[in-house]
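Participant: Chain by chain, the residues run as shown.
Number of protein chains: 2
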Amino acid sequence: MTKDDQIPFEAALVARTGPIEALLRQLLGDRPLSGEIARPQRLMEAMRHGVLNGGKRLRPFLVMESAALFSADGEAALRVAAALECVHCYSLIHDDLPAMDDDDLRRGQPTVHKAFDEATAILAGDALLALAFDIIADEATMLPAERRAALVLALARAAGAGGMVGGQMLDLEAERIRPDEAGIIRLQAMKTGALIRFACEAGAILAGAAAADRERLAEFGSAIGLAFQLADDLLDLTADAHQMGKATGKDAAAGKATLVALHGANWARDQLQGLVDQAHALLHPYGEDAVLLKQAAKFVAARNS
Amino acid sequence: MTKDDQIPFEAALVARTGPIEALLRQLLGDRPLSGEIARPQRLMEAMRHGVLNGGKRLRPFLVMESAALFSADGEAALRVAAALECVHCYSLIHDDLPAMDDDDLRRGQPTVHKAFDEATAILAGDALLALAFDIIADEATMLPAERRAALVLALARAAGAGGMVGGQMLDLEAERIRPDEAGIIRLQAMKTGALIRFACEAGAILAGAAAADRERLAEFGSAIGLAFQLADDLLDLTADAHQMGKATGKDAAAGKATLVALHGANWARDQLQGLVDQAHALLHPYGEDAVLLKQAAKFVAARNS
Chain A
52 MTKDDQIPFE AALVARTGPI EALLRQLLGD RPLSGEIARP QRLMEAMRHG
102 VLNGGKRLRP FLVMESAALF SADGEAALRV AAALECVHCY SLIHDDLPAM
152 DDDDLRRGQP TVHKAFDEAT AILAGDALLA LAFDIIADEA TMLPAERRAA
202 LVLALARAAG AGGMVGGQML DLEAERIRPD EAGIIRLQAM KTGALIRFAC
252 EAGAILAGAA AADRERLAEF GSAIGLAFQL ADDLLDLTAD AHQMGKATGK
302 DAAAGKATLV ALHGANWARD QLQGLVDQAH ALLHPYGEDA VLLKQAAKFV
352 AARNS
Chain B
52 MTKDDQIPFE AALVARTGPI EALLRQLLGD RPLSGEIARP QRLMEAMRHG
102 VLNGGKRLRP FLVMESAALF SADGEAALRV AAALECVHCY SLIHDDLPAM
152 DDDDLRRGQP TVHKAFDEAT AILAGDALLA LAFDIIADEA TMLPAERRAA
202 LVLALARAAG AGGMVGGQML DLEAERIRPD EAGIIRLQAM KTGALIRFAC
252 EAGAILAGAA AADRERLAEF GSAIGLAFQL ADDLLDLTAD AHQMGKATGK
302 DAAAGKATLV ALHGANWARD QLQGLVDQAH ALLHPYGEDA VLLKQAAKFV
352 AARNS
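Taken in order, these protein sequences are the chains called A and B.
The first sequence begins at 52 in my numbering and counts up one residue at a time.
The second sequence begins at 52 in my numbering and counts up one residue at a time.
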């Protein structure tokens, strides 16, 4: 990959963050919505701390680009993207808790339980998860109810016991019960893969695309989800804490089983190239319309922070 | 209230628990659903521990009875009832955590973080919240998509920052910032009231009832939610741990502001009667069809465990 390939993509990624930041800020405002009694200030501050933290907004980008591929309504896609980012950020808040990964820093800032306290961090995560479904189900997400319900279902399943949360559970257990290679792949497909898969599939659901297109985008999401995790494991091995804005080398120190630990960095780089090729092949039918999604696959595999 | 009033109600409550227990057990099974990768066994065990614990299933009962009042489909109501119980049980699991109420016992059994560990309890709660929206949004809940989306929205809003979780946040803060009477009422309307209000409103949404009926049932839910909390505060003052299956006297020991602490037990009993009268008046238009819901209001106000 040449550096030139990345320039338009990174510019596009940055361009997409403006509207998503603005919407997240609005959705996390202090004013109660219809049906709400009051939004406690400290809780809302903790939620904003956990969400409005300078994240790259990769998952929202994937929702918006996959939606654009099928000419879905951009405003609706933006709301689904914001909902997904709420789920992602809630998972980070809970993952950082002392009982879980016990991290003090996230993007160079104190984690929510450090900036506030543990109880507030638990509740802020819980409220963000509920908010995600609120955002999608709301009529303000100008989609037919059938599609809103389908998006709620797909997100709930990607986030729940059989997806992300299940993957976090397997990850906790991996320190006791060392998984084999198939176990590691399954763990990662759940822990980080499920939400990335949803991000890509969501565009097709939003647009009411054909089942074959929905499946193709979901497969694309699975491929780049795997790539994302491989790149993360490589980074944990090679990057320093300053570059990542969080503690690194923790997996190796914990003796945690990763594919990189199992097969080495060179193997991982070959695998990453294979996953990018596979992701590109899946998008072949969409031609030039999919150019940014193709670049996203390269970006995910090559990221250095 | 005579003892005779309660007999048919308690029998009806017990009769309703059979189907709800069976459905919850099925929904919390180990077999992954379509779109799920795997359901980690330890996570599912923790979720079952937190849900299949001999709860009275009052909220499910309210969903089913309010649905029956408008002749909604019983199977759909049962699924919405199960979803609500998942939200209620997740909130108890997180509430019992050391960083929150730090309770070791719930219904005489070890709490989830005691029977498993803190990280598993956090994840089990998270997964139950996601599962609730999964259950409602699923086409298996044989309702028009518009109603499934409306139920998701109402539940998300009742559970989130402007409802139950917001109330838990205010409750945490109440130990530092002692709320005034209006503050206590708001806290309780959120912490315990919002889900009970949803339970009663859900029946009207399920059935596609008129907006005025939906509002009336929601008001009924608010009244009995207040009564529920008043009765709880009275019990905390007067019952012993054995009767409750959990620690009691904690509010008084923590100097926690409750209406009972503010005005005394006799005032609270008068208030309870007033709330029951108000709840009954709201159901007046439905005549004999609402007899069990009316008895539920009395039950909530008079419960002794």
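Simulated from the structure, these hints should not be mistaken for lab results.
For glycine and all other residues, C-beta sits at the position ideal for the given N, C-alpha and C.
Each hint should be verified, as a subset may be incorrect.
[Stated by the list, open to error] Heads up, incomplete: computed chain A residues facing chain B, CB under 8 Å, no partners named:
id: 1; residue: Ala89
id: 2; residue: Arg90
id: 3; residue: Ala181
id: 4; residue: Gly214
id: 5; residue: Glu224
Participant: Which of the listed hints are broken here?
Facilitator: none
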